[in-house]
Structure formats: structure tokens, C-alpha cells
Amino acid sequence: MTLVSFARRSRVAPRRRDGLFTVAAGVLAVIAATAAIAAVVPFAGDPDAIVGPRLSPPSARWPFGTDALGRSLLARVLEGAGTTLLVSIAAVTATAVVSTLLGMVAGYCGGPLREAVTRLGDVLYAFPSIVLAVLVAAVVGPGLACAVAAIVLVTVPLMTRMITAAAASVAERDFVTTAKISAVPAPVILGRHVLSNIGGTIAVQGTYALSVGILVEGGMSFLGYGVQPPQSSLGSLIQQGGAYMAHAPWLLFTPALVLVLAILSINLIGDTLRDRLEPRETRSLG
Amino acid sequence: MTTVLKMSDVNVTFTSGWGRRRTRSRAMKDVTLEVEAGRTLGVVGESGSGKSTTGSVALGLRRPDSGTVEVLGRPAAERGRALRGRVQAVLQHPHWSLNPRRRVGVSVREPLAVAARRLGREEQRERVVRILEQVGLDAATADRYPHELSGGQRQRVSVARALITEPGFIVFDEAVSALDVSVQSQILELIRELQASHTFGALFISHDLAAVRRVADTIAVMRHGEVLETAPAERFFTDPAHEYSRRLLAAL
Numbered sequence: 001m002t003l004v005s006f007a008r009r010s011r012v013a014p015r016r017r018d019g020l021f022t023v024a025a026g027v028l029a030v031i032a033a034t035a036a037i038a039a040v041v042p043f044a045g046d047p048d049a050i051v052g053p054r055l056s057p058p059s060a061r062w063p064f065g066t067d068a069l070g071r072s073l074l075a076r077v078l079e080g081a082g083t084t085l086l087v088s089i090a091a092v093t094a095t096a097v098v099s100t101l102l103g104m105v106a107g108y109c110g111g112p113l114r115e116a117v118t119r120l121g122d123v124l125y126a127f128p129s130i131v132l133a134v135l136v137a138a139v140v141g142p143g144l145a146c147a148v149a150a151i152v153l154v155t156v157p158l159m160t161r162m163i164t165a166a167a168a169s170v171a172e173r174d175f176v177t178t179a180k181i182s183a184v185p186a187p188v189i190l191g192r193h194v195l196s197n198i199g200g201t202i203a204v205q206g207t208y209a210l211s212v213g214i215l216v217e218g219g220m221s222f223l224g225y226g227v228q229p230p231q232s233s234l235g236s237l238i239q240q241g242g243a244y245m246a247h248a249p250w251l252l253f254t255p256a257l258v259l260v261l262a263i264l265s266i267n268l269i270g271d272t273l274r275d276r277l278e279p280r281e282t283r284s285l286g
Numbered sequence: 001m002t003t004v005l006k007m008s009d010v011n012v013t014f015t016s017g018w019g020r021r022r023t024r025s026r027a028m029k030d031v032t033l034e035v036e037a038g039r040t041l042g043v044v045g046e047s048g049s050g051k052s053t054t055g056s057v058a059l060g061l062r063r064p065d066s067g068t069v070e071v072l073g074r075p076a077a078e079r080g081r082a083l084r085g086r087v088q089a090v091l092q093h094p095h096w097s098l099n100p101r102r103r104v105g106v107s108v109r110e111p112l113a114v115a116a117r118r119l120g121r122e123e124q125r126e127r128v129v130r131i132l133e134q135v136g137l138d139a140a141t142a143d144r145y146p147h148e149l150s151g152g153q154r155q156r157v158s159v160a161r162a163l164i165t166e167p168g169f170i171v172f173d174e175a176v177s178a179l180d181v182s183v184q185s186q187i188l189e190l191i192r193e194l195q196a197s198h199t200f201g202a203l204f205i206s207h208d209l210a211a212v213r214r215v216a217d218t219i220a221v222m223r224h225g226e227v228l229e230t231a232p233a234e235r236f237f238t239d240p241a242h243e244y245s246r247r248l249l250a251a252l
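So the protein lines, in turn, are chains A and B.
When you number the first sequence by the numbering used here, it's gap-free, plus one each residue, and the end is 286.
When you number the second sequence by the numbering used here, it's gap-free, plus one each residue, and the end is 252.
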């Protein structure tokens, strides 16, 4: 599994991208909302209950068909999407906190500290993300915690690097220097001047990290290190569906489609956020 | 007349690279400078002459390799505690001199909040308004964001922020270089006026001899990290002693 690069630059014209943004936000909202509602009110039925014949194709009764045990795939996909989103969001929130603290201090202090943080990130970054994730699984043991830990470990180096760079460029600006001259304490400078000026970077990189997180969770579950049955996630559904690809392709393609749509939407949202929140300084002075 | 900045035999060397490719460049060679209270020392020189390094050493931002730096009678390295609010700076970029996410009034108040903690909020706000008026901005500016101001207005705000703690010593590092000529001359005029009323000593660093001429009482010429000549302004502009100074003047 390869991961989407964090720092992609899309070449779509801004106008069209605003339209795409609306579509992407809509798709993501629909996925998240139906998954959330299904978790509270199981309108699609119990994801664990055996409701019909095995491997029956999509029909009016079972809109996405049934799986190898006769469970409703719609209910399972909704539960799986919920699990995947929840795990990824929890992990990326943790990543954002760790990366922001680490990146801000490293970028502001510079010197050997920044060097150490950057090199450590490079070492982690050198491993393919799935190898790192498997390593985590070996230490933590398969399960939800394992998936969260793996996502954090994969996304922290990437996000820390971007935030370090952003913080370092803010730290060079004159308003930080004048604050230093006025003897404003360093923690206050970090909170007051640096954090407020890297908010855009945090939002954008957090969004990209979320799409990477979903991908890693999918990969972990696919390998069997993520959430354990009977609980489902998009990754585990794809893995189970793969076995029946020839007889019941809907078992593979439905969860895969939801995964692709979610990742695509999040990346598009990230691109738009980046253009809006991180405008490059093209204005001349004065 | 008291001395606000006393720099004697200051040396600063930058090193870069490793091993055989390690290079050294001396940014300051035995630099000796003095700034008197209420007076302005203009430091001129081309890019790379060490004038900005001189500024950061005077501000205590950079430790010299050797030599002594005294600001307002204390070692510059002590700026954090004893010199709080007594030393200020106006720096180069009007675009980056103010935090874009904070209202102008909040930025101007920042040094005051550190230097005079006992002052009440209301009193701090009054001081901000008073100082903004002194630099020729109206009180409403305090509620604006930096992007709503012009370059000249922003630099006036920087001056206000530097003055609000009534410092004894201010460093102007290329403070007008990014402004166009007419705005430049307004800001220089303003600095002159404020110096008369607030009596701070100033180190005015610029590559622009015409700007330095407008504000400086004494001129120091730097090249390759060395001070070539220090002279009172009148004498410097009529009868420069050093060959390089004559070339600079001829180019004016």
C-alpha cells in the first residue's frame, strides 16, 4: 500500500475546485452522518444479526446484499465506516497535538533540537507505513488501540515536519524578534505569535493526515491487525469480501467504494483548505 | 551626557560547513561604538558589512565572541531582566513587523504588558492611544488589523510599539528601507521629532546614506566588519576622512 503524499499541489483551477469542494464536503458529510445515525438508531438493522440467505445479491430488502454469513452488508458497511472514521479521527487528533507541540518548539528553538526532531522523523519516515504499523501490532497486539497507535506513528513524522517548517518561518519574522527584545517569555511567544500563525498549516496537514489515517486503518484491518470481528471496519470488510470476489463482487466493491470516496473527499477538502488558509505571500511590501 | 550604548572591541565570527569545507567569515572586527542619550548614531555600509550584526549584538540577541557591550550601563546579555522595556527595536519589514492575526492596539501594548505589569488594563489602553496619536495615527487604528494599514502606517505602529515603554535606547534596523521615498521622509521626520520629545539614544542602521543623513548626529561607516570612520555628521558630509566614505558620498 502506498500513501498519498502530504504536500501535493493540485492543478485544478480555483473556480472548479470550489465546486469540487462542495461535492467533496457533501459526500463526506453523507458518509459520516449516515454512519453516525446508524450507530444510534440501527435503521439498516443489526450489523451482527444473520438476517437472510448467504451471499444474496443487492435487492430491495438488502440494498447492498448479504455477506457469507447472511448478515446485511448495508448495516455492516455503515458500522465499518463509523469505526474507520472514529479510529482515524481519534488518532489524527492525537497526532495533531503531538506534532503541534513538537513542531512548534523545534521550529522556534531551531539548532540542534530542530535537527534532532527532523532526523528522528526522517528515520520513522524511511520505513514504509505498513511496516511501521505491523511493528506496532507486534508490540501492542491487534485491536483498536493498535490501529490508533499505528496511525499516530505513521502520521506524526509527516505532520511534525510540516509544522516545524511553518513554525521556523514564523519564528524568523520581525514581530517575533521584537517580542523577544521586549522580553516576552518564550512560552507566551509560542502561544501568542507562533501558534496563531500556523493554524492554517495545522488544519491542512491534519486533513491530509486524516486521509492517510483512514488508509492505514484500512491496511491494518486488511492484514488482520486492526479491529477484530465481529466489529467491522472498512478494511476488514474489504478483506473478507476479497475471498468472494468472483461470486459476490458487491462484498468487495461496496466497502472499497466508500473508502475511496471518503479518502478522495478528504483530500479535496484538504486542497481547498490549503489554498484558502495558506496563501503564499505574493503581495509585495507596503 | 550619558552613554546608552558602549561597544568596545567587539568581534563576531560566523562559521559554516564542516571539516575541510568549513569557512569562517568575520562579521565584526574590533568594533567600537558609542551612542549618547538623546542622540543618534547612524551606521552605514553595503550588504554584508556587518551593520545588522552590530544591531543584533547591541540588542543582546547575539553574543559576541569577544569584547564588551554595555547598554544603559549594564551588560547587553542581561536584557531579559534588568533591561526589560528599556531597549526596543524597529525592524525592516513593514509587512512582517506586526502579527497579522492580532489587532494593532494589542501589538502596541505587548511590550508595556511585560515591562509594566502593575499597570491596569484601562491605563495601558490609554497609553496605547496616546502613543498612537504621537506617531500620527488616530485612536481607531488600535482596533484595526495590520493588513488594513499601509506600509507607512505599519511602520508608524512599529515606532509606537517601540516607544510605549519609554525606552532609553532604540535600534532602527533598515527601518525605512522598504518604504517609498515620500513615506520614508515622513517617518524620518517623525523619528527626529520623537527623539526631541522622548530623548532616547538611537542606533540607526541603513544602507541608505540619504536616510541616515536626515536623522544621525554621528556617522559610522562599516565595511567587511570593520568600522572605517566615525565622525560627527556635519564633518562627515563636508569632509570625510576615509577614501571609502568619499566614494559613498560621491554615489549619493
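Because the hints were derived from the structure by calculation, they are not lab data.
Using N, Cα and C, we set each Cβ at its ideal position, and we do this for glycine too.
Misleading hints may appear alongside valid ones.
For lysine-lysine, the following DSS-like pairs were computed, each having C-alpha atoms within a straight-line distance of at most 30 Å [to be verified]:
#, chain 1, residue 1, chain 2, residue 2
1, A, LYS180, B, LYS29
2, B, LYS6, B, LYS29
3, A, LYS180, B, LYS6
Looking from chain B toward chain A, a few residues come up when the C-beta cut is under 8 Å (computed) [unchecked claim]:
#, residue
4, SER16
5, ARG84
6, GLN88
7, TRP96
8, GLU110
9, ARG144
10, VAL181
11, GLN186
12, LEU190
13, LEU194
14, GLN195
15, THR199
16, PRO232
17, ARG235
18, LEU248
19, LEU252
Each hint tested on the structure:
Of the supplied pair hints, the one linking LYS180 of chain A and LYS29 of chain B holds, its CA atoms being roughly 26 Å apart against a limit of 30 Å. Between LYS6 of chain B and LYS29 of chain B the CA atoms are separated by roughly 16 Å; this keeps the pair inside 30 Å, and the hint holds. Only pairs whose Cα atoms come within 30 Å are accepted, and LYS180 of chain A paired with LYS6 of chain B is accepted, the gap being roughly 21 Å. Below 8 Å, beta-carbon pairs count as interface contacts, and SER16 of chain B has none with chain A, the closest being about 14 Å; its hint is therefore violated.
For ARG84 of chain B, the suggested interface contact is upheld, since its CB lies about 4 Å from the closest CB of chain A, less than 8 Å. Given the 8 Å rule on beta carbons, the hint for GLN88 of chain B holds: about 6 Å separates it from the nearest Cβ of chain A. Proximity of TRP96 of chain B to chain A holds as hinted, the smallest CB-CB distance being about 4 Å (cut-off 8 Å). Checking GLU110 of chain B against chain A by beta carbon gives a least distance of about 6 Å; that is within 8 Å, so the hint holds.
A hinted interface residue such as ARG144 of chain B counts as satisfied when its beta carbon comes closer than 8 Å to some beta carbon of chain A; here the least separation is about 16 Å, so the hint is violated. A cut of 8 Å between beta carbons decides the hint on VAL181 of chain B: the least distance to chain A is about 12 Å, and the hint is violated. The interface hint given for GLN186 of chain B is violated, since its Cβ lies 13 Å from the closest Cβ of chain A, which is over the 8 Å cut-off. With a least beta-carbon distance of about 17 Å to chain A, the hint placing LEU190 of chain B at the interface is violated under the 8 Å criterion.
At a threshold of 8 Å, the smallest CB-CB gap from LEU194 of chain B to chain A is about 17 Å, leaving the interface hint violated. Hint on GLN195 of chain B is violated. Least Cβ distance to chain A is approximately 19 Å, over the 8 Å limit. At a threshold of 8 Å, the smallest CB-CB gap from THR199 of chain B to chain A is about 20 Å, leaving the interface hint violated. Restraint check, PRO232 of chain B versus chain A: the minimum CB separation of about 29 Å is more than 8 Å; hint violated.
Interface restraint check: ARG235 of chain B against chain A, minimum CB-CB distance 32 Å, threshold 8 Å, status violated. This hint is violated: LEU248 of chain B has a C-beta 25 Å from the nearest C-beta of chain A, more than the 8 Å allowed. Proximity of LEU252 of chain B to chain A is violated relative to the hint, the smallest CB-CB distance being about 24 Å (cut-off 8 Å).
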